[in-house]
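Sequence order for the protein chains is A and B.
Take the first sequence: its position 67, counted from the start at 1, is 103 in our numbering, and no numbers get skipped.
Take the second sequence: its position 9, counted from the start at 1, is 202 in our numbering, and no numbers get skipped.
Derived from the structure by calculation, the hints contain no laboratory data.
Ideal Cβ placement from N, Cα and C applies to all residues, glycine included.
Hints may be right or wrong, so weigh each one.
[Unchecked claim] Per label pair, the in silico range of CB-to-CB distance:
#1 B:Glu206 with A:Leu283: 39 to 49 Å
#2 B:His364 with A:Ser99: 16 to 26 Å
#3 B:Asp367 with A:Gly95: 17 to 27 Å
#4 A:Gly62 with B:Met323: 56 to 66 Å
#5 B:Ser215 with A:Ser217: 36 to 46 Å
If you want the building blocks of each chain, they are given just below.
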Amino acid sequence: MAVLSMAGEAVAPVGLMGRPVYELRGVSKTFARRNVHALDKVDLVLREGTFSSIIGPSGCGKSTLLKIMAGLQPPSSGSVVLEGKPVMGPRRDIGMMFQQATLFPWRTTLENIVLPIEIRDGKAAARAKHDQARQLVDLVGLKGFESVYPNELSGGMAQRAAICRMLITEPAVLLLDEPFSALDELSRDFMNMELQRICLERNATTFLVTHSIAEAVILSDVVYVMSPRPGRFVEAITVDLPRPRTLEMMTDPRFGALVHRIRSHLDKGAFQ
Amino acid sequence: MTQAQILAPTLPEQTVWAERVSWIDRVPRWVSMLALLIGFLIIWQIVYLIELVSPIILPSPLETIQDLFVVGRNLLTGDYMLMALWITTQEVLLGFVIAVVLGFGLGVLVGETAFGERAVMPYLVAINTMPKVAFAPLFVSWLGFGIASKVALAAFIAFFPVIVGTAAGLHAADQNARMLFKTMGATRWQALVQLKLPIGMPHFFSGLKNAAVLVVVGAVVGEFLGGGKGFGELIRVAAAQLNTPRVFSLIIYLSLLGLATFWVVAWAQRRFVFWHKESVTEETLAQ
Chain A
37 MAVLSMAGEA VAPVGLMGRP VYELRGVSKT FARRNVHALD KVDLVLREGT
87 FSSIIGPSGC GKSTLLKIMA GLQPPSSGSV VLEGKPVMGP RRDIGMMFQQ
137 ATLFPWRTTL ENIVLPIEIR DGKAAARAKH DQARQLVDLV GLKGFESVYP
187 NELSGGMAQR AAICRMLITE PAVLLLDEPF SALDELSRDF MNMELQRICL
237 ERNATTFLVT HSIAEAVILS DVVYVMSPRP GRFVEAITVD LPRPRTLEMM
287 TDPRFGALVH RIRSHLDKGA FQ
Chain B
194 MTQAQILAPT LPEQTVWAER VSWIDRVPRW VSMLALLIGF LIIWQIVYLI
244 ELVSPIILPS PLETIQDLFV VGRNLLTGDY MLMALWITTQ EVLLGFVIAV
294 VLGFGLGVLV GETAFGERAV MPYLVAINTM PKVAFAPLFV SWLGFGIASK
344 VALAAFIAFF PVIVGTAAGL HAADQNARML FKTMGATRWQ ALVQLKLPIG
394 MPHFFSGLKN AAVLVVVGAV VGEFLGGGKG FGELIRVAAA QLNTPRVFSL
444 IIYLSLLGLA TFWVVAWAQR RFVFWHKESV TEETLAQ
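Kindly generate the complete structure, drawing on both the sequences and the hints.
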C-alpha cells in the first residue's frame, strides 16, 4: 500500500501511471545567510490528473518547496521541470492559491478572476476572457456574484473566486498552500469536497500543502510525509479510497488506518 | 419527568428588556452642535461683559457677527475682499497641486526604491524637522512679493505629509498580495500601478488631507511675512488697526477656504477609495 523511501528517494507509488506533468529531481535548498538547510534532495513526480499532498511539521520546508515549484525561488541544486521545460521563474501554466484569498477590493469578482490575464496579456485580452471567467464562476458555484465587490463575499466565497483566478490561465499544475485553513471547519470540509469536484471535472494535476492529516488523506491519491530540517520525504503513502471521496469516508477503517500511519510518522519526527 | 416539565410552570411568558442608552448618546447631532455653539457664544459674551479681557483685544460676539455680515456683503458684491480671497485661493490651489505632485513623486521614489529609502529619505526627514516658516523671507527674496513666494511656502509646508502618505501606502500591500503578483509574472511597474498604489490609496489620501490643511497655513503665513494683496494681508492690516471683530470674521471666512479644500479631498477619497470602509466612515465624521 505504501512505498517506503530509501535515503530520501521517494518512489513513485504503484497504480498511478499517468503522464508525468511535474518532475523534481534532487532538489535541495540552503539559505546560506541564515545557514539553514531547508530541503534535502527532494524527488517528486506529479502525474496528470492526480492529487498529491505534502504534510509535515511547521518549518519542515514545505513552503520553500512550494515556492521553488512556483518559480518564486531558485533551488540550490537539483532540477525542476514542468511539462518538459525547466522552471526558471513564475509561469502562466502554474496556478497558485494561498491561505488568504487576496482578492483586490477595487475589482469586482470577475475583474479579480481575470487579473492574471490582464497582467500577462493586457486589458483587452482580459476582457476577452470574461465569458470563460463566467463559466468558471458557474463551476465553483459563485453564479450571481460576478459583479460584486470582494468585501461582500464570505471567506469561503472569496476562496472560490481565488480558485477561478487560479484556473483562468488553464495551468498545467495547481499548487495549493493551505488554501482553506483560514476557514471554519464546516466550510473547510465543504470546500475540500468542492475542490475535489473541480479537480476531477478538469482532470487537474494538483499539489497541496497542508497541516491537516484528515484533509490530506480525504483529498489525495498520494500523501508525502516530510521530516523537518532538512526537509525530505519520509514516506509516500498511496490512498486507495475510491473516487469521488465523501466526508463519510472519514469514518471508514481504511481512512483511520492511513491517518494513524501518517500520525505515527509525524509524532516520531516531533520528538527527535 | 423531564427537565422542561419541571421548569415550565414557573417560567414567565416574556423576559423582554430594553437596552439603556444614556441621554448624552441619544441627543441628535444638530441639537448637540447647536448647543455647543450657543454655549460658546454665551461664555464669550460673559467674558466680554465682565471685562475679563480688555474690549480692545476681544470684541463681543455680536460685533463679530455684525462684521461677518459686513465682510460677507463685501465678498458677495465682488469688492476688494473678494479679490483678496481670490488671490489667497489661487495660492492655496497652486500650492496644493505642487505639494501633491512633488510629494507623490518623492513618495514613490522613497517608497519604491532602495535608493530613495536609504539615501533620499534621511534628507527629507532632516528638511521636515526644520521650522519651514523660517524659509519665508528666503522665498520672498527669491520670488518677490507676488503670489509665487506664497505658493512656494504653501507647497513647502504641505508637501511632507504627501510624501509620508505615499510612501506608507506603497508599503501597505501584504506579503500574500506581493507573492500573488509575482506568481502572475507581474513586472515591477505592474506591481506598482495595479497593486501597491491602489492598496496605498487610503494612506495617500490621509496625507492629502493633512496637506489640504497645511497649505492654507502656508499661504496665510506667506502673506503675513511677504505682503501681497491676499486675505492674510487683510487680517494683518485689521489687526494692526486693532479692528478685532474684522480679524475674527476674516479668520472665519478663511477657515471656509480650508474646509472647502479638505472637503474636496474627502470627496475624492470617497469617490476613488470606495472600497475602503474606513475612508467612507472617516468622511462621514468629517462632515
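Consistency of the hints with the structure:
1. Separated by about 42 Å at the C-beta atoms, B:Glu206 and A:Leu283 satisfy the suggested range of 39 to 49 Å.
2. Taking 16 to 26 Å as the suggested C-beta distance range, the pair B:His364 and A:Ser99 conforms, at roughly 23 Å.
3. The hinted window of 17 to 27 Å between B:Asp367 and A:Gly95 holds, with their beta carbons roughly 21 Å apart.
4. Between A:Gly62 and B:Met323 the Cβ separation comes to about 60 Å, which falls inside the hinted range of 56 to 66 Å.
5. A C-beta distance of roughly 43 Å is found between B:Ser215 and A:Ser217, which places it inside the suggested range of 36 to 46 Å.
Of the numbered hints listed earlier, not one is contradicted by the structure.
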